[in-house]
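Participant: With these hints in hand, go ahead and build the complete structure from the sequences.
Now for the letters of each chain:
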Amino acid sequence: MFGVGARANPGVDVVAKQRVLLVDDDRDTRTVLRAILERQKIRVFEAENGTKGVLAARKRKPDLIIVDIRMPGMDGIEACRAIKTDAALRAIPILILSGAMRRAKLDQFVELERVSLYDEFLAKPFEYRDLLAIVNRRLAAG
Amino acid sequence: MSVLVAVGGPDRGKVFELDEPVVSIGRDESSHVCLADMRVSRNHAQVVRRADEHQIVDLESRNGTFVNGTRIGAGRLKVGDVIQVGRSSLQYAETADDVPLTQPGDTPVRIVTAADQVDATFDARRASSAGDTDAISVEAAKAAAAIADLKTQHAIRNLRVLYKVVSAVSSIYELDVLLDKVLEIVFSVLPAERGFIVLADPTTGRLTPRAVRTRGQGEEVRISHTIVNYCIRHEEGVLSTNAMSDQRFESGDSVADLGIRSAICVPLRSRQRVLGVLGVDARISTRTFTKDDLRLMTAIGNQVGVVVENARLVQENIRAERLAAVGEAVASLSHYIKNILQGLQGGATLIETGLEDEDAFLVRRGYGIVDKSQRKVAKLVRDMLNYAGPSAPSLSEVDLNSLLEEIIEFAMNTESAEGVALRRQLDPSLPPIMADPDAINNCVLNIILNAFDAVAEQDEPTVTVTSRLAEGGKRVEIAVTDNGVGIPAARLKSVFNALTSTKGGRGTGLGLAVARKIAQEHGGDVSVASQEGQGSTFTVSLPLRAGKADA
Chain F
1 MFGVGARANP
11 GVDVVAKQRV
21 LLVDDDRDTR
31 TVLRAILERQ
41 KIRVFEAENG
51 TKGVLAARKR
61 KPDLIIVDIR
71 MPGMDGIEAC
81 RAIKTDAALR
91 AIPILILSGA
101 MRRAKLDQFV
111 ELERVSLYDE
121 FLAKPFEYRD
131 LLAIVNRRLA
141 AG
Chain E
1 MSVLVAVGGP
11 DRGKVFELDE
21 PVVSIGRDES
31 SHVCLADMRV
41 SRNHAQVVRR
51 ADEHQIVDLE
61 SRNGTFVNGT
71 RIGAGRLKVG
81 DVIQVGRSSL
91 QYAETADDVP
101 LTQPGDTPVR
111 IVTAADQVDA
121 TFDARRASSA
131 GDTDAISVEA
141 AKAAAAIADL
151 KTQHAIRNLR
161 VLYKVVSAVS
171 SIYELDVLLD
181 KVLEIVFSVL
191 PAERGFIVLA
201 DPTTGRLTPR
211 AVRTRGQGEE
221 VRISHTIVNY
231 CIRHEEGVLS
241 TNAMSDQRFE
251 SGDSVADLGI
261 RSAICVPLRS
271 RQRVLGVLGV
281 DARISTRTFT
291 KDDLRLMTAI
301 GNQVGVVVEN
311 ARLVQENIRA
321 ERLAAVGEAV
331 ASLSHYIKNI
341 LQGLQGGATL
351 IETGLEDEDA
361 FLVRRGYGIV
371 DKSQRKVAKL
381 VRDMLNYAGP
391 SAPSLSEVDL
401 NSLLEEIIEF
411 AMNTESAEGV
421 ALRRQLDPSL
431 PPIMADPDAI
441 NNCVLNIILN
451 AFDAVAEQDE
461 PTVTVTSRLA
471 EGGKRVEIAV
481 TDNGVGIPAA
491 RLKSVFNALT
501 STKGGRGTGL
511 GLAVARKIAQ
521 EHGGDVSVAS
531 QEGQGSTFTV
541 SLPLRAGKAD
551 A
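Just so you know, the sequences run in chain order F and E.
Our numbering puts the first residue of the first sequence at 1, with every later residue one more than the last.
Our numbering puts the first residue of the second sequence at 1, with every later residue one more than the last.
Hints are computed from structural coordinates only; laboratory data are not their basis.
It is possible that some hints are incorrect.
The calculated lysine-lysine pairs, modelled on BS3-like cross-linking and capped at a C-alpha distance of 25 angstroms, are [as the list claims (entries may be wrong)]: (1) 124(F) to 151(E); (2) 14(E) to 151(E); (3) 84(F) to 124(F); (4) 59(F) to 41(F); (5) 291(E) to 164(E); (6) 41(F) to 105(F); (7) 124(F) to 376(E); (8) 151(E) to 164(E); (9) 124(F) to 338(E); (10) 105(F) to 338(E); (11) 105(F) to 124(F); (12) 124(F) to 372(E); (13) 164(E) to 14(E).
Facilitator: Shown next, in the form of structure tokens:
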């Protein structure tokens, strides 16, 4: 039966846009996200910090990246910046999950960057159905 | 044995023995010399014993430490020196008997009357010239006559009473104690038979009697609402020699109940507001109060109004500080709580999905996450309650080593224990101790979990738990050593502060604070030693019988 344990399932990516990279240091969150995404026949890659996330983005070229930003530490935001300033990766949409930082504050950072660090935003605690809606929308888009 | 005697300030009269090598002075409860003085820092100063002398050391307090009026950083104490911190004065003496205390209310100020001055001038002039004695005696006679004038005499008396009231109550912040004192003074200057003070609630305006006094047994103090209300509404003092026939109180029934008495009622005024009423009365046969008595009472009413307002402001200030602290706590914990909520969401989603797909594996995984989140919440609440309230440990005989084994087993099953090597060095000869097993469990567990977090990034994370006897068998010690990055010296002091965490969303900052609180409630403590780059050791020290600190 298709489930969390079935990680190596190469027959999954039949459709063009179905690869998602998770950048999150919390194992439980990764577990849940992987389970619900794989259930939608989406191929999931994981990275447990910002640095590994950027490396994984370059290697795997996902169609969507989900980044959890935690405070303190700019690790998640650094990863977003690295990705959005890399010509090869810039086009990949980024969904940010944020516990402590509110969107308004995040946008202040973005203004300083003059390049948009993210494309979608969800504040914790969020409903997984809302996350799925965003993921599906982004993956369906051309 | 040398002592410090509080000769001034809110703790006046207290004697503190200098029986430890280091005696701490401050506002903090853990200070040896704990002063209830808002202008004293939590850890203000120390008295350190060196050979057979004592030194006073200022601990970078906000308002400074003074000896005999001079600000010091550190200095040697001589017998008779007076240490000033905040508004408090502590005299250094060989024994408490060496420091006679003046009566509260006594002041070193003498109110000099015109008579004193005239006499002085008169003497000087008489000494300088032999002649003109007649002119001088006339002047002196006139001056003396002036003093004999009742009005001036009364004015002087009133001034003395006011001074007494102010100096007696201005350092009392407990409202009811303050008001009792005011009535005591009023009764000492006026032959009142019954007296009361009524305060209006700041928000509702409702009047409540806050102090009553009678001269003689069994007198009931019934307060006339009519007179009190008149006083408040018209914001003026009332002198009524025969209340029954007084036009002002025509409609008042309560006045009739009181019989024929002479009464004075004055408003307690502050900043144009009336805060309450001070009243006295007596049977006409005892005393018919005069206008002059009314003048005195009015002045007292104004003074007491200011003092009451002041006391209320101080209380409000303290409450605002506490609320602010709570606000900070909530903000600091909300991030942590949001992460737990997200965990619950995730786990529940997995369970729901698993049920839909009939995938037991998913359900189990989801349940695991929900369970973990639920435990985190439980621990957080427990820590918060623990920290918020004083709790007396419920003692029983505890085999410390087997308790430690239980704690270790539990800790090793938590997420943060992954990859950590745990070593034990438990002294098998440890005697049983009297302690609260659940509390000690909480205390040591928090310290061990903290150690796990400290070693998370290490290549070979190791935590060692040691138990041993200490202080010649009078205490037991539990030491938890980690090989983490250590704590910089500057941060060592604040590592036990609540709600300061360096772990971001993963820490609450409560763990170590609660651990220390529990140890202290048992009559022990938690201390930390750390070497940057090498690691830290937290040591819980407990007396064999909790609550009794062995000498």
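Participant: Starting from the hint list further up, note which numbers the structure goes against and sort them upward.
Facilitator: Hint check: 1, 2, 6 fail, others pass.
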